[in-house]
Amino acid sequence: MTQERDFAAFIDDRPEEGIFRVDRSVYNDPAVLEAEYQTIFEGGWIFLCHETHIPNPGDYFTTWLGRQPVFVVRGADGSVNGFLNACGHRGAMLLTYRVGNAKTFDCPYHGFCFNDKGDCISVRSKRTGWPDEFDIGRFDLAPIARIDSYRGLIFGSLAPDVPELRDYLGAATALLDIFVAPVPQPLEIVPGYCVYVSNCNWKVMHENGPDAYHAPVVHRNFADTIAFRESRGSFEGVNKTERGRLTARIESASYDLGNGHTAFWNERTTPEAYPIYAHRDELAKRFSPGQLDWILGRGRHMTIFPNLLLNDLASSHLRTYRPLSVDRTETIIWCIAPVGEPAEMRAARLRKFEDFFLPSGMATPDDIAIVEAAQRASWALESRWTDMGRGSDPAFRIDGPDQAARELGFTPKVSSTSWDHEITLQGVYRHWLSRITRNGEARHG
Amino acid sequence: MADLALQAEVSELLFREARLLDAQRWTDWLELYCEDAVFWVPAFTMAGGYTEQPEQELNFIYMAGRSGLEERVFRLNTGISLSSTPLPRTRHMVGMVMVDGQNGDAVQAFANCQVATFTEIRGQQFRTSSYEYLLRRSGGGLRIAQKKVLLLEAVIDGYFDFYAI
Numbered sequence: 001m002t003q004e005r006d007f008a009a010f011i012d013d014r015p016e017e018g019i020f021r022v023d024r025s026v027y028n029d030p031a032v033l034e035a036e037y038q039t040i041f042e043g044g045w046i047f048l049c050h051e052t053h054i055p056n057p058g059d060y061f062t063t064w065l066g067r068q069p070v071f072v073v074r075g076a077d078g079s080v081n082g083f084l085n086a087c088g089h090r091g092a093m094l095l096t097y098r099v100g101n102a103k104t105f106d107c108p109y110h111g112f113c114f115n116d117k118g119d120c121i122s123v124r125s126k127r128t129g130w131p132d133e134f135d136i137g138r139f140d141l142a143p144i145a146r147i148d149s150y151r152g153l154i155f156g157s158l159a160p161d162v163p164e165l166r167d168y169l170g171a172a173t174a175l176l177d178i179f180v181a182p183v184p185q186p187l188e189i190v191p192g193y194c195v196y197v198s199n200c201n202w203k204v205m206h207e208n209g210p211d212a213y214h215a216p217v218v219h220r221n222f223a224d225t226i227a228f229r230e231s232r233g234s235f236e237g238v239n240k241t242e243r244g245r246l247t248a249r250i251e252s253a254s255y256d257l258g259n260g261h262t263a264f265w266n267e268r269t270t271p272e273a274y275p276i277y278a279h280r281d282e283l284a285k286r287f288s289p290g291q292l293d294w295i296l297g298r299g300r301h302m303t304i305f306p307n308l309l310l311n312d313l314a315s316s317h318l319r320t321y322r323p324l325s326v327d328r329t330e331t332i333i334w335c336i337a338p339v340g341e342p343a344e345m346r347a348a349r350l351r352k353f354e355d356f357f358l359p360s361g362m363a364t365p366d367d368i369a370i371v372e373a374a375q376r377a378s379w380a381l382e383s384r385w386t387d388m389g390r391g392s393d394p395a396f397r398i399d400g401p402d403q404a405a406r407e408l409g410f411t412p413k414v415s416s417t418s419w420d421h422e423i424t425l426q427g428v429y430r431h432w433l434s435r436i437t438r439n440g441e442a443r444h445g
Numbered sequence: 001m002a003d004l005a006l007q008a009e010v011s012e013l014l015f016r017e018a019r020l021l022d023a024q025r026w027t028d029w030l031e032l033y034c035e036d037a038v039f040w041v042p043a044f045t046m047a048g049g050y051t052e053q054p055e056q057e058l059n060f061i062y063m064a065g066r067s068g069l070e071e072r073v074f075r076l077n078t079g080i081s082l083s084s085t086p087l088p089r090t091r092h093m094v095g096m097v098m099v100d101g102q103n104g105d106a107v108q109a110f111a112n113c114q115v116a117t118f119t120e121i122r123g124q125q126f127r128t129s130s131y132e133y134l135l136r137r138s139g140g141g142l143r144i145a146q147k148k149v150l151l152l153e154a155v156i157d158g159y160f161d162f163y164a165i
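As they're listed, the protein sequences go chains Z and P.
According to the numbering used here, the residues represented by the first sequence are 1 to 445, in order.
According to the numbering used here, the residues represented by the second sequence are 1 to 165, in order.
Because the hints were derived from the structure by calculation, they are not lab data.
Computed from a predicted structure; not experimentally measured.
Heads up, a few of these hints could be off.
Unchecked claim - Computed spacing ranges between beta-carbons, pair by pair: (1) P:Leu82 <-> Z:Ala8: 31 to 39 Å; (2) P:Arg91 <-> Z:Ser79: 47 to 55 Å; (3) Z:Glu34 <-> P:Ala23: 46 to 54 Å; (4) P:Ala23 <-> Z:Phe396: 44 to 52 Å; (5) P:Leu30 <-> Z:Arg166: 48 to 56 Å; (6) P:Leu30 <-> Z:Ala8: 39 to 47 Å; (7) P:Thr78 <-> Z:Gly18: 30 to 38 Å; (8) P:Ala64 <-> Z:Leu292: 30 to 38 Å; (9) Z:Gly78 <-> P:Arg91: 47 to 55 Å.
Glycine included, every Cβ here is placed at the ideal spot set by N, Cα and C.
Okay, chain Z solo, but in the shape it has when bound:
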C-alpha cells in the first residue's frame, strides 16, 4: 500500500538562488519506488532492446517494464510486436529464455498456444469442459500498449496515453543520429553481454552516468594504470585508450535535453584512437565542419529517461537499468558497433570496452563501489540533502542551445559550459518530479 508522500518536498529547487537539492530518502523510501513503478516504469516510454536483438521473424527478446514481464517479437511481416509475458489462461510465464526464435508460443503450464500477434490459436482439450462455441480470443496475450523505435532502439510503454516516441526523445534525437556512427551506417549489438546487480537504488546508478564530476576522482586509478601501460609499450592509434578527459582540462559541455534526458561531450584528445576516425575523408564529404567536430572530435555520452545510457567515449555501449527493489538495481550492458567494422577496429573497440566497463573492468567496479557507498549513506537522513547545484550559476549556464548544439541542430533546455556540471541531474530530477506527481510535463512534452 502506498503511503501518502509529498513528493514535491523531496526536491529543493530554487534556480534564482542557484540551489538544487534532492532529499536522500528518494533513494530508500519504498513508497517512492512504488510511485516510480506506477508512473515511470509502468507508465511511460521505457527502452526495451535493439532491433538487431530480433533480426528475423519469430525472434523474441524477454524483458521487464517495471515489475511486469514482457517480450518483444519480430512478426512474420517484419513488424515489432510486444506482449505481457504471461499466459492469457492462468498467467504462467510463457517465455523463460532471454532470447530465442519461435513460430508460436506454447504455454508450458496448460499448453495454450499463441501466435506472433498475441492471438490465442489453440486451447488444449477444447472439446471437453468448455462450451461448444466459445471465443478463445479471451485468452489473447495483453499487448504492450505502445511500441516504437528510433534509430534501432526499441521502446515500449504500458500506458497508452504517452506522446509519440520521437516527441518524447525530443532534442535527444539529433545526438542519437550520430551515436557511434552517423546514419545511414547501421549499428549492431556485438555478441556477448553482461548483467550485473548492484546494491543501490536505480536513481543512484542513473545519476552516475551523467555525473562526469566523479570521473577524475573515482577513475584516477584507471588513468594512472593506462599511463603505466603506455610507459611500457606501444598502445598507439586505434588501440590507445584515451585518458585525457580524466587527467586534463579539456573543452567540454553538458545539456539538459528535456524530459529527463541528458548529454555531455568532451573533446577527444586523441581522435585517431576513435575507430570511425579512419573514415574521416568520406565523412567530410557528407557533413559540415561543425557536424564533423561532433562526429569525430567529441566523445559523447547520453541518457534517455529513465533507463537507457548510450556511451560513445573510449568505446561504445548501451546500458539499461531496472529497479529490483528500493536498494537493488539490475544493469544490462552491450557493446554496440557499426555493421561490417574492420576486424582490427572491432577488436580495439572490444579491448577498450573491457578495460573500463563491466563489473570485471578496471573502472566500473569502482563506480559500483561508490554508488553502493552512496546508497548505504542515504540513510544519513539527519544530513538530509544531496546537493546537485554545480553549474547553476548564470556564468556557466545558457538557457537553450550553446554554439555546439546549434551546429548539430538541437535545442536543449539548458546548456552548460562543462561536462562535469550538475545541470544534467537537475533536468533528470525535475522531470522525475513531474512524472511521479503526474503533473503532466511528460505527457505533453
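With the hints as your guide, set chain P onto chain Z.
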C-alpha cells in the same frame, strides 16, 4: 593409464597459483605466467552460452600478454581503487584437476574452482568457475600459457577481478 607424475605436477601448479593469489603475492603469482600468456574470461551470450571469438565478441576479461595482468596488479596497488581498497580476502578451492592432453611441451588441463571472497561491506560471496589451462614446459618447469575462466554465474552480484574468480 594416467601419467601420475604429470597429474601431480599440474595439480601442484594449479594449487600453487591459488595459494599465491590468496596470499596476494602478486609478483610470485605473475612468475607462473609466460610472457605472452593469455588471460581470458568469456562473457555470456544472450542465448545462454559463452562467447568464443575474443577478437569479435565481448569478454569479461581478455588480455593477450602478461602485461595486462601486471596492469591490473598495478591498479590494485594504487590504493585509490575503491573496489580494491581494502583488497577483498579470498580463498580458492581448486578441485577436479584433470590433464586433458599433452603434446610436446604443451599440456592441456582442466579444473573447477570455487572462490570465497570476503569484504566487510559485501560479506562472504562465492564465485564458481571452470578453468581451462594451456601450460607450457620451459626450462624444466610448467608455466601458464593460457588460463580461460568459465564463470558459472551469469548474473554478476557486485564485481570481481582476476584474484576473485
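Item to check | Consistency of beta-carbon spacing, arginine 91 of chain P to glycine 78 of chain Z, with hint 47 to 55 Å | outcome: With a Cβ separation near 53 Å, glycine 78 of chain Z and arginine 91 of chain P satisfy 47 to 55 Å, so the hint holds.
Item to check | Distance restraint hint 31 to 39 Å, applied to the beta-carbon atoms of leucine 82 of chain P and alanine 8 of chain Z | outcome: Because 34 Å falls inside the window, the suggested range holds.
Item to check | Hint check for leucine 292 of chain Z and alanine 64 of chain P - Cβ pair distance inside 30 to 38 Å | outcome: 34 Å, holds
Next on the checklist: If I claimed the Cβ atoms of arginine 91 of chain P and serine 79 of chain Z lie 47 to 55 Å apart, would that claim hold in this structure?
Outcome noted: Since the Cβ atoms of arginine 91 of chain P and serine 79 of chain Z sit about 53 Å apart, the hinted range of 47 to 55 Å holds.
Checklist entry - Lying within 48 to 56 Å: is that true of the beta-carbon distance leucine 30 of chain P to arginine 166 of chain Z? => result 53 Å, holds
Next on the checklist: I want to verify a distance hint. Is the separation of the beta carbons of threonine 78 of chain P and glycine 18 of chain Z within 30 to 38 Å?
Outcome noted: Taking Cβ atoms as reference, threonine 78 of chain P and glycine 18 of chain Z lie about 35 Å apart, which means the hint holds.
Next on the checklist: Looking only at beta-carbon atoms, does the pair alanine 23 of chain P, phenylalanine 396 of chain Z fall within the given range of 44 to 52 Å?
Outcome noted: Taking Cβ atoms as reference, alanine 23 of chain P and phenylalanine 396 of chain Z lie about 50 Å apart, which means the hint holds.
Checklist entry - Do the Cβ positions of glutamate 34 of chain Z and alanine 23 of chain P conform to the proposed distance bound of 46 to 54 Å? => result 48 Å, holds
Checklist entry - Measuring from beta carbon to beta carbon, are leucine 30 of chain P and alanine 8 of chain Z in 39 to 47 Å? => result 57 Å, violated
Checked against the numbered hints given earlier, the structure breaks only hint 6 and satisfies all the rest.
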